[in-house]
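Once you have looked at the hints, place chains F and X on chain B.
One letter stands for each residue in the lines below.
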Amino acid sequence: MKDSTRNFQGWLLFAPAAILLLAFTHYPTITTFIHSLYTNKSFIRPRRFSGIESYESMFSDPVFFKVFVNNMWLALGTIPTSIGIAIIMALIVNKAIPGRGFLRMAYFTPTMLPMIAVANIWLFFYAPDIGLIDKVLEIFGFEGNNWLGNPSTVLPSIIVMTVWKEAGFFMVFYLAGLQTISPELEEASKLEGSSRWNYFWRIQFPLLLPTTLFVLINAFLNSFKLVDHLFVLTKGGPDNASNLILYYIYETAFSFLDISYASALTIFLLTLLALTALAQFFFLDRRTHYR
Amino acid sequence: MTYRNRIQTSVELIGAYILAGFWILPLLYAFWAAFHSSSDAMHFDIFSPLTLDNFREAWSQAPFARFSLNTFLLVSFILPAQLLISTLAAYAFVRFKFTGANVAFALVLVQLMITPEILIVQNYVTLSKLNLVDTISGMGLPYIASAFCIFLLRQAFKSIPKELEDAAELEGCGTMSILWKVYVPLATPTYIAFSLVSVSHHWNNFLWPLIISNSVETRPLTVGLGIFAAPESGVEWSILSAATLMSVAPLLIAFLIFQKQFVQSFMQAGIK
Amino acid sequence: MKKMFTKISYCLTVALGISMISSAAIAKTELTMYYPIAVGGKLTQAVDSIVADFMSENPDIEVNAIYAGNYDDTRIKALAALESGKPAQLSVMFSIDVHELRELDAIVPFDDVVSTSEEKAWLNSFYPSLMENGIAAGKTWGIPFQRSTIVMYYNKDAYREAGLDPETPPATWGGLIAAAKALTKDDGSQWGLMIPSTGYPYWMFGALAMQNGQTLMTSGDKTNFDHPDVVAALELWKAFGSEHKIMPEGTIEWGTLRQNFLEGKTAMMWHSTGNLTTVKKNANFDFGVAMLPAGKRRGTPTGGGNFYIFKDTSAEEREASMKLIKFMTAPENSAKWSVATGYMGVSPDAYKTDTLSSYVKEFPPAAVARDQLAYATAEFSTYQTSRVKKGLNDAIQAALVGSKTPKEALSEVQAAAERILKPYR
Numbered sequence: 001m002k003d004s005t006r007n008f009q010g011w012l013l014f015a016p017a018a019i020l021l022l023a024f025t026h027y028p029t030i031t032t033f034i035h036s037l038y039t040n041k042s043f044i045r046p047r048r049f050s051g052i053e054s055y056e057s058m059f060s061d062p063v064f065f066k067v068f069v070n071n072m073w074l075a076l077g078t079i080p081t082s083i084g085i086a087i088i089m090a091l092i093v094n095k096a097i098p099g100r101g102f103l104r105m106a107y108f109t110p111t112m113l114p115m116i117a118v119a120n121i122w123l124f125f126y127a128p129d130i131g132l133i134d135k136v137l138e139i140f141g142f143e144g145n146n147w148l149g150n151p152s153t154v155l156p157s158i159i160v161m162t163v164w165k166e167a168g169f170f171m172v173f174y175l176a177g178l179q180t181i182s183p184e185l186e187e188a189s190k191l192e193g194s195s196r197w198n199y200f201w202r203i204q205f206p207l208l209l210p211t212t213l214f215v216l217i218n219a220f221l222n223s224f225k226l227v228d229h230l231f232v233l234t235k236g237g238p239d240n241a242s243n244l245i246l247y248y249i250y251e252t253a254f255s256f257l258d259i260s261y262a263s264a265l266t267i268f269l270l271t272l273l274a275l276t277a278l279a280q281f282f283f284l285d286r287r288t289h290y291r
Numbered sequence: 292m293t294y295r296n297r298i299q300t301s302v303e304l305i306g307a308y309i310l311a312g313f314w315i316l317p318l319l320y321a322f323w324a325a326f327h328s329s330s331d332a333m334h335f336d337i338f339s340p341l342t343l344d345n346f347r348e349a350w351s352q353a354p355f356a357r358f359s360l361n362t363f364l365l366v367s368f369i370l371p372a373q374l375l376i377s378t379l380a381a382y383a384f385v386r387f388k389f390t391g392a393n394v395a396f397a398l399v400l401v402q403l404m405i406t407p408e409i410l411i412v413q414n415y416v417t418l419s420k421l422n423l424v425d426t427i428s429g430m431g432l433p434y435i436a437s438a439f440c441i442f443l444l445r446q447a448f449k450s451i452p453k454e455l456e457d458a459a460e461l462e463g464c465g466t467m468s469i470l471w472k473v474y475v476p477l478a479t480p481t482y483i484a485f486s487l488v489s490v491s492h493h494w495n496n497f498l499w500p501l502i503i504s505n506s507v508e509t510r511p512l513t514v515g516l517g518i519f520a521a522p523e524s525g526v527e528w529s530i531l532s533a534a535t536l537m538s539v540a541p542l543l544i545a546f547l548i549f550q551k552q553f554v555q556s557f558m559q560a561g562i563k
Numbered sequence: 564m565k566k567m568f569t570k571i572s573y574c575l576t577v578a579l580g581i582s583m584i585s586s587a588a589i590a591k592t593e594l595t596m597y598y599p600i601a602v603g604g605k606l607t608q609a610v611d612s613i614v615a616d617f618m619s620e621n622p623d624i625e626v627n628a629i630y631a632g633n634y635d636d637t638r639i640k641a642l643a644a645l646e647s648g649k650p651a652q653l654s655v656m657f658s659i660d661v662h663e664l665r666e667l668d669a670i671v672p673f674d675d676v677v678s679t680s681e682e683k684a685w686l687n688s689f690y691p692s693l694m695e696n697g698i699a700a701g702k703t704w705g706i707p708f709q710r711s712t713i714v715m716y717y718n719k720d721a722y723r724e725a726g727l728d729p730e731t732p733p734a735t736w737g738g739l740i741a742a743a744k745a746l747t748k749d750d751g752s753q754w755g756l757m758i759p760s761t762g763y764p765y766w767m768f769g770a771l772a773m774q775n776g777q778t779l780m781t782s783g784d785k786t787n788f789d790h791p792d793v794v795a796a797l798e799l800w801k802a803f804g805s806e807h808k809i810m811p812e813g814t815i816e817w818g819t820l821r822q823n824f825l826e827g828k829t830a831m832m833w834h835s836t837g838n839l840t841t842v843k844k845n846a847n848f849d850f851g852v853a854m855l856p857a858g859k860r861r862g863t864p865t866g867g868g869n870f871y872i873f874k875d876t877s878a879e880e881r882e883a884s885m886k887l888i889k890f891m892t893a894p895e896n897s898a899k900w901s902v903a904t905g906y907m908g909v910s911p912d913a914y915k916t917d918t919l920s921s922y923v924k925e926f927p928p929a930a931v932a933r934d935q936l937a938y939a940t941a942e943f944s945t946y947q948t949s950r951v952k953k954g955l956n957d958a959i960q961a962a963l964v965g966s967k968t969p970k971e972a973l974s975e976v977q978a979a980a981e982r983i984l985k986p987y988r
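Protein chains in written order, with our numbering: chain B, 1 to 291; chain F, 292 to 563; chain X, 564 to 988.
It is worth saying that the hints were derived from the structure and are not from the lab.
Quick reminder that beta carbons are idealized off the backbone N, C-alpha and C, glycines included.
Where hints are given, some of them may not hold.
[As the list claims (entries may be wrong)] Cβ-Cβ distance ranges computed for the label pairs, FRET-style: (1) X:Lys843 x B:Pro80: 48 to 54 angstroms; (2) F:Ile309 x B:Phe281: 34 to 40 angstroms; (3) X:Lys748 x B:Phe281: 57 to 63 angstroms; (4) B:Ser57 x X:Lys915: 30 to 36 angstroms; (5) F:Glu508 x X:Glu895: 29 to 35 angstroms; (6) X:Lys843 x B:Asp61: 41 to 47 angstroms; (7) F:Ile309 x X:Gly751: 50 to 56 angstroms; (8) B:Ile34 x X:Gly751: 52 to 58 angstroms; (9) F:Val394 x X:Glu646: 52 to 58 angstroms; (10) X:Ala878 x F:Leu360: 32 to 38 angstroms; (11) B:Ile34 x X:Ala699: 52 to 58 angstroms; (12) X:Ala615 x F:Leu543: 34 to 40 angstroms.
This is chain B alone, in the form it adopts within the complex (with noise of 0.2 angstroms):
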């Protein structure tokens, strides 16, 4: 077949995925880049180019280094835990022990759910004085406490609630990472005596450094995509101290009709999201070659 016959052929196969990614992925991002640039159109004030008016007073606002710390308290709170307990979950249903199906699906089953709903149930149990949670402190004769309106325990008490919906999703993927690992090394690793401990940290861990990174980047991806329980639970108070940039974003654009700061905001979220990625890449891909 023609070389050119088959260059347009490939392009027209590939033209609606293009289409679409174009107009929902790049064309956006474009747009969105230069309305931060520009001031908001108002009955009262025409529009009129502002440069970058909308970061400075993005970096002079004290509400976007809330949202901007509370992500990153999210991300250091949700990743390495639910990473870890997922490892731990992995290793448990790799085994063939009873019950494993049930703990599988124990495991697993939080991360069926839609997240509002997990906020639903979730709110109950941290309701102040009624709430689940503190009916059980109670019982054991400590004090409750309210853990969404108090600013110091409202992100822990959201990073368990997070934590306890991702850690399922993760196991999986290291599951199918354990089960690429030759039942051979373990075999041979006893042979030498070696200790689990020493097994799992000198020989599964290190392989299954691709899978690490790949529940990284999605586990610090979705740390950022992640705000629907806000709506529920706490629209971000009390005074900002679960707020966090998409919901941020959100509110600017929706709430206050803000698109030239909402605008800022989301070129601001999506720098950090590809400079992160970008750096977890090169970082941890550098160290799974070497092996």
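Coordinates of chains F and X only, in the frame set by chain B:
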């Protein structure tokens, strides 16, 4: 096994079960609360009478049937479209070395990171220009070109030996029938895997549907549940649990029945 | 056989023709309206039933009433719908959204829609304090529908248990603190008072400020947050928890407050009168409702939602919308709505109907909100209300959780509000 080993194993087993217990507890509690009255649920009256009132209440307070239909329609729209478009694109990347393919693929991968939710503001504007706000197709459109699907299928197609394609060509098959007769059937596990992942994801999607759907005719389950649970109106726990259960039931039941397949799918997706 | 077939198709064609002509004759005007709910109870059913009554009386108008969430959600949805291909013609939205909606050129003033002298008189038939939020630039932009004031619910059984007279709830700040102290149990099982600080904290704060003689804004483009008396009001709110120990410290959740009251976790609560009917149905104790106590004077902001008509509507749609609005705010329907929810009847005539006058007689708490109108003020509303309001909410929460002092929090947000509102002067 030595005595010490046996104790260690038992301890681990118990640990595994305790972990599972904690993990299943929240859902179990919601399940239990949905069948008891609010005050019984709050006071943990384990032997208080069962009741279906909460479900009746929740059902009458919001049109969950319609919401379920909408979610079903949304997912039924997104999945086939995704599979079709990604199949064509993956085929193009694997068997047609068209100019600029590498750059194109890199641009595709961008979507793995920049998902439609992040660009909600501009995507909303795009849809309103297309007059597709408050439509199910509008809700699904940004997701139809799935970089993840293209990526998976590309891997799957790559692993199909060229000899099979050559054999088919010898039999006189054109490019498209090679695709449908050779590539697609052999990539079936990938298709199944991706389908389950996609269905789960879109069944549970919230933020984008929240913004796009205005009326009850388009509102999916997640958004319906979110509005239903709006903090201000202070819905009672049991009714909220019942509503939550009704919303998660379809996917959850499907999962419980097809557990193995679900887990395998996610695993497959992960391996690639 | 062929003859039969021809006959049948002939009949069908005729039938089709007739139905087409008749449906063209009864050309329905279709109205889409969004509405919010911010209090408990089966309000969607109440709305649906009034709308159904309207449609049976007006077969040429089709109304699609869509519940959109709380006030913020509803505004977002209604505005989003305007931008899309399926706009709404009218909606119930926050009474305080008026400046934002005007700035977007989204609504029409009712002065431009009313034509007959009877309709003009109708504009004046509502309670003046309920009209306050709806009036801007000399015109009326919103008609009251689900309106409220804050009222104080109190547990009469708890009062008796604490040795207080259940028929004389506190009328002053001092009295409130004293009563709440008596009602707060040492083991933490019952608090004296709860004022919600999530959801609409600025609304509760508006009451405290008014009771200290101040309003939170002096006009649509000037806020009054750092006035010493306003700061003092926030300091008092904080002191309820930190000093007097009659209220839990930190934030108190709007949504669960009603349940807390019904469960006996708090003996008194400040909440919207819109919760009245739900509380009445579910309380298994004797309870009462009182006006908010006075600081320097009594005070409460009004609250709730008004009807707005969007600008992007045809003359028929406006006429149909007027009919719907007049129906839903008519004295009898307003009375039914008030009984079903606890929201106030929106006009003096509503209270003169049999429905409401007999209800008030047998259940006096239903009249408290109305009587409190004498001390009421407009709810907080400025240009860019959402943004300024959020700043105020954050400030209140910051003060209540102790991360800033009331004075710091309020000065900061006053400065922020100044920056936002200055361009409007």
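Status of each hint after checking the structure:
One distance hint, 48 to 54 angstroms for the beta-carbon pair X:Lys843 and B:Pro80, holds here, with the actual separation near 51 angstroms. The beta-carbon spacing between F:Ile309 and B:Phe281, approximately 37 angstroms, falls within the hinted interval of 34 to 40 angstroms. Restraint check, X:Lys748 to B:Phe281: a C-beta distance of roughly 59 angstroms satisfies the suggested window 57 to 63 angstroms. Distance hint for B:Ser57 and X:Lys915: a CB-CB separation of about 53 angstroms, inconsistent with the stated range 30 to 36 angstroms.
In this structure, F:Glu508 and X:Glu895 meet the distance hint of 29 to 35 angstroms, their C-beta atoms being roughly 32 angstroms apart. Restraint check, X:Lys843 to B:Asp61: a C-beta distance of roughly 45 angstroms satisfies the suggested window 41 to 47 angstroms. Separated by about 31 angstroms at the C-beta atoms, F:Ile309 and X:Gly751 break the suggested range of 50 to 56 angstroms. One distance hint, 52 to 58 angstroms for the beta-carbon pair B:Ile34 and X:Gly751, holds here, with the actual separation near 56 angstroms.
Roughly 35 angstroms separates the CB atoms of F:Val394 and X:Glu646, a value that falls outside the hinted 52 to 58 angstroms. A hinted range of 32 to 38 angstroms for the beta carbons of X:Ala878 and F:Leu360 is consistent with their spacing of about 36 angstroms. The hinted range of 52 to 58 angstroms is not satisfied by B:Ile34 and X:Ala699, whose Cβ atoms lie roughly 34 angstroms apart. Remark: the range hint 34 to 40 angstroms for X:Ala615 to F:Leu543 is upheld by a beta-carbon distance near 35 angstroms.
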